[in-house]
Amino acid sequence: MKGGLLVLMLPLFAFPLAAQSLRTFSAARQRAGERQFNVDVEFAAGTFRINRDATGALYRTRITYNEERYHPVSDYAAGNLVVGLKANSRRGGVDVDSPEKTHQVMELNVSPEVPTSFDLRFGAAQAVLDLGGLNLVRASVKTGASESHVTFSTPTVGRCEHLGFQVGAAEFHAEQLANARCRALEFQGGVGDVTLDYTGDWGGAPESTADITMGMGSLTLVLPRSLGVEVEMTRFLSSFDQSGFEKRGGRFYTANWDSAKVKLHVDIKAALGDVKVDWR
Amino acid sequence: MLFAKVLALPTAAALLTASSPPASAVQGPAQAVQAVGHTIDVSRRRASLRFDFSDDSRLSIMLAGGRILLNGTEAGRYQPGGPLERAWRGLLAQADTFSTAGVIRGVKLWKVDGLAGPDLSAKQAIAAALTNLKAAPTPPAPVAAAGAPPPQEPVSPGDSFREGLGEKIKKDIRRSVEDARRRAEDVSPDLTPRPRAAFAGVGPAVAGLLGAFVALGCIAFGLVSFAPRQLEIVSGTVQQSFVRSFFAGLFAQPLILPALAMLIVGLILTVVGILVIPVAVIGFVLAVAAGVVGGYIAAARALGDLYLRRKMAQGDVVTADPTYRSIVVGLGALLAIWTPFALLGWVPVAGPILLWTAIIFTWVMATAGFGATILSRAGLRSSFGRHGAAELSGELSWSTVDEIAPSRPSSGRSVP
Chain A
1 MKGGLLVLML PLFAFPLAAQ SLRTFSAARQ RAGERQFNVD VEFAAGTFRI
51 NRDATGALYR TRITYNEERY HPVSDYAAGN LVVGLKANSR RGGVDVDSPE
101 KTHQVMELNV SPEVPTSFDL RFGAAQAVLD LGGLNLVRAS VKTGASESHV
151 TFSTPTVGRC EHLGFQVGAA EFHAEQLANA RCRALEFQGG VGDVTLDYTG
201 DWGGAPESTA DITMGMGSLT LVLPRSLGVE VEMTRFLSSF DQSGFEKRGG
251 RFYTANWDSA KVKLHVDIKA ALGDVKVDWR
Chain B
1 MLFAKVLALP TAAALLTASS PPASAVQGPA QAVQAVGHTI DVSRRRASLR
51 FDFSDDSRLS IMLAGGRILL NGTEAGRYQP GGPLERAWRG LLAQADTFST
101 AGVIRGVKLW KVDGLAGPDL SAKQAIAAAL TNLKAAPTPP APVAAAGAPP
151 PQEPVSPGDS FREGLGEKIK KDIRRSVEDA RRRAEDVSPD LTPRPRAAFA
201 GVGPAVAGLL GAFVALGCIA FGLVSFAPRQ LEIVSGTVQQ SFVRSFFAGL
251 FAQPLILPAL AMLIVGLILT VVGILVIPVA VIGFVLAVAA GVVGGYIAAA
301 RALGDLYLRR KMAQGDVVTA DPTYRSIVVG LGALLAIWTP FALLGWVPVA
351 GPILLWTAII FTWVMATAGF GATILSRAGL RSSFGRHGAA ELSGELSWST
401 VDEIAPSRPS SGRSVP
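These protein sequence lines are chains A and B, in that order. Take the first sequence: its position 270, counted from the start at 1, is 270 in this note's numbering, and no numbers get skipped. Take the second sequence: its position 351, counted from the start at 1, is 351 in this note's numbering, and no numbers get skipped.
These are calculated hints, taken from the structure and not from any lab test. Be aware that one or more of the hints could be misleading.
As the list claims (entries may be wrong) - To list a few chain A residues with every Cβ distance to chain B over 12 angstroms, as calculated:
1) Ser-74
2) Gly-204
3) Pro-206
4) Ser-259
Stated by the list, open to error - Label-pair ranges, simulated between beta-carbon atoms:
5) B:Thr-73 with A:Val-82: 23 to 29 angstroms
6) A:Phe-236 with B:Gly-72: 56 to 62 angstroms
7) A:Asn-88 with B:Gly-114: 35 to 41 angstroms
8) B:Arg-377 with A:Leu-237: 45 to 51 angstroms
9) A:Ser-239 with B:Arg-58: 43 to 49 angstroms
10) B:Phe-251 with A:Arg-225: 54 to 60 angstroms
11) B:Trp-356 with A:Pro-206: 46 to 52 angstroms
12) A:Ser-140 with B:Gly-222: 37 to 43 angstroms
13) B:Ala-227 with A:Ala-271: 47 to 53 angstroms
14) A:Thr-220 with B:Arg-58: 45 to 51 angstroms
15) A:Val-82 with B:Phe-221: 55 to 61 angstroms
For every residue, glycine included, the Cβ atom is placed at its ideal position computed from N, Cα and C.
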């Protein structure tokens, strides 16, 4: 009985009782003829934002953190940036919705001039990433227990080859993915609500692929009606909203599939969840 | 009050002529080397500024624990919390949104009044380290770049005076440095409301579950204290006639509102009773609530009772008062059905399934408890419960546990 009670009461102790001590860390670097910029971010907890830099710098970052529990990391060498916020080994751990999580903030502004690859990893974080307008080559986003909003507010200017998302227990929204102009999107989701919004400007890209693997959760695809969409579905105890599609063979096609200027091939593997389509 | 004064006219060279720095001080970079990046780290323990140069060399200036470290080497000492440290922290706090060129301009214009002794020497060491500091030329900003406008940075003193704005800029910078220093002392958290994660409700849900457990436990202990026999009879009725109790509760539920309506109509017909209708309605609602809650607690006790009797039959010793213990165990067991929902309720699909499972289970137990309350006439009639239970207190009945649940089933003694 005591053990049971302790288990029930454990989550209460995860909330810190003491006042936190928020400190600041900032770093910046000017452009110096870089041909490639690789950004590696590991962010333990808090709110993380990425935006396009408007000052001519290669990157600028500013981190507000709780020095009692976390420490900032920033290292740049030869076009490779490693930056982020890590838990102190002595007092690490993950708090769900704790003050650290809501008050710690990391902002990263990246130059739109240099071809950039992102490798982003979050722990218990809320991420608001606007990768629009960047010279994007590749992006990999891995989240743990997080709420992430990835937006491409304006079309990217680079040649994006691959966009990868690995989402754990999370709420994940990717908006205006067409502006990313990536040839391939790969999504792996654990549990949670996921929205993949394919609106935006395709910029003449003839076709794109989306490889989506969903565990237990809800997936909403936001698709423009002008887009030709082919869906290949493998599901187990999952529902699929087939409105707007016609079935040919084992696949689903939009009526405009043969005539559409831009085509999207979607391969969905889903278990224990809903797959909904929101036509725009 | 001593605080940093950033003046437009003095240059770093002028500062250097005032006094020569300590021999141990790290000198600034060679003339050809340009700063291409910087890092500012302001924490309670340290306040550091690091420049990265185009030849991959670095210059770090750190104030920590009363020591000034230039590239990790002690170059002087200062008074912790004194004017130099306050001014340095204020400068860094202000500069954390600047570009590298802006930071260089800022530190070159940095001046602190009223320094003496070790603070003065330390300031001179810093100034010496910054002697040849020069920023790499800033590339033109992209035309199409959008977003927030870049922060205003300290302008060149010559330019400002040529434009006749020197005095205004001095005031602006002084004010902003003072603001920044205040910010550095107490970094205010970002209070912008954030979207909550889907699993953010786990903590409140678990806390709510614990709250329900504590509240029901308190009510149960009250019942044990003030109506122990009634509780035991209702509990015995649940245990001995669970199916009958469940159906009694099931059939009673749709009759609750008609019964209330009949009560009201009856009171109206008596004319005199019209006056007591509000009291009667409140009393009826309270009686039904007491019947449901009391029945649920009695069901919990029956469950705990069953579990503990089995444990004791296996030879385990129960040290605490068995009546209280059976209630705690039973309530824990009944509420445990809510634990999966509290922890995983945010998960799509699984969340609603867990919720409905918990609701149905709780409804079944509450219905059985309510039915047992009705069958036993709120614990006054023991014909559906354990025979003899009404005559014994909870403590005494436990002394005969071996008779109720024999520890050796092979002995052939039957369970009554």
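Mind listing which of the numbered hints don't hold for this structure, in increasing order?
1, 9, 12
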